[in-house]
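Student: Under our numbering, the first residue of the sequence shown carries the number 128, and numbering increases by one thereafter.
Among the hints, a few may not be true.
Label-pair distances were calculated between CB atoms; the ranges are [to be verified]:
id	residue 1	residue 2	range
1	HIS420	LEU311	36 to 46 angstroms
2	LEU141	PRO234	48 to 58 angstroms
3	ALA286	LEU203	32 to 42 angstroms
4	LEU141	HIS420	25 to 35 angstroms
5	ILE180	TRP507	49 to 59 angstroms
6	SER174	VAL395	44 to 54 angstroms
To be clear, the hints were calculated from the coordinates, so they are not data collected in a lab.
All C-beta atoms, glycine included, are put in the ideal place defined by N, C-alpha and C.
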Amino acid sequence: MTGELHLTARQRTLALVAAMASISVVGASLGLSVPLLAFALEARGMSATFIGINTAMAGVAVVFFAPLIPLAAARLGVRSVMIMGLAGGAITTLAFYFIEPLWMWFPLRFLYGGSLAILFVLSEFWINAISPEKRRGLIMGVYATTLSLGFAAGPALLAVLGKWGVAPYAAGAILFVVAAAPILLAGSSAPRLPEKAHVNLIPFLLAAPAATLAALVFGAVETGGMTFVPLYGLAIGYSATASALLVSLLALGNVLVQIPIGMLSDRVDRRKLLLVLGLLGTAGAAGMPYVIHFPRLFESTIFIWGGLVAGLYTVGLAHLGSRFRGAQLASANAAFIVCYSIGMLSGPPLLGAGMDIWYPHGLPITAAVLFGLYSIVAGWRILRSGTE
């Protein structure tokens, strides 16, 4: 088997709903656990540096585990490996509450990140593999939207449960368990990989750089933006509350724009759309210092820019799905997630350094440089090959 399944329209729809429901529930658990663990470490007197390094262990785990995931799925099956990932996520989430020595939180965070890597690589592979080509972009837009809503639900749940006691940890673990139900119900629709699947991520980084680098740039700017946009708001005269709401505008743009962008990608050349998104990301970031004196225009720019930037992830995934099948698609998705994780790890220090060098406008200018470099690569690939 190569991952191609003969599904009826009803089976395909149910499978897509199941895969999206599962990963969205996982997103809710992730949205709950990240601030929860930060609060817990801060309450125990840990510095921001310690918290940042501990959080980064999850990204390191993704880079380590992602190349191994397609091979494991080929030998054990997509559904089985995803259930293992869910079990690992549930166990490690609870373990953070019961394990006292903080040095143990580093291997715990590593294992937690490995569990997330399994779930994101295989769920995106599953969705991509069974999506009809004519609606692949729309489906990826729906996926990105539901995942964003899941992320948003996590902090809301934490606000209800509170950050003390076992309840929020138990809730995070329970969400992983709940996420197993759709996978068990629709597991027969999961694409299968040949047992001797060869896994090597490097060819996919080189074969489709417009897609994989889109994930890297998005990961860098999303993570760095969420970290430093509130500080940028303070620096240009916003109150603390209003600065925090700028992050909400970024996230809201992400939620509302992905489906339209996905639908557009079904009607145009996705390579050219990625280039346009890169150029708009460059222009939006570079223009921010010039609109800060017009609050409504600045806030509108943040909102639209946030959605367009996130479109790199949606369109990049759809582009991979249109290019690869079976084991190649699984490896391409793994390469995509690795690039996203590298972006998450490198983005905050790069954007932070830019903000320090030219305070405070070095933040958007550094983001503009990243998008500009990406646009050069995307444009060069279109001109050079014409077949990517």
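Student: If a hint holds in the structure, say so; if it does not, say that too.
Tutor: Evaluated hints:
no., hint, result
1, HIS420 x LEU311: 36 to 46 angstroms, "55 angstroms, violated"
2, LEU141 x PRO234: 48 to 58 angstroms, "38 angstroms, violated"
3, ALA286 x LEU203: 32 to 42 angstroms, "38 angstroms, holds"
4, LEU141 x HIS420: 25 to 35 angstroms, "52 angstroms, violated"
5, ILE180 x TRP507: 49 to 59 angstroms, "36 angstroms, violated"
6, SER174 x VAL395: 44 to 54 angstroms, "48 angstroms, holds"
Hints 1, 2, 4 and 5, counting from the list given before, are not met by this structure.
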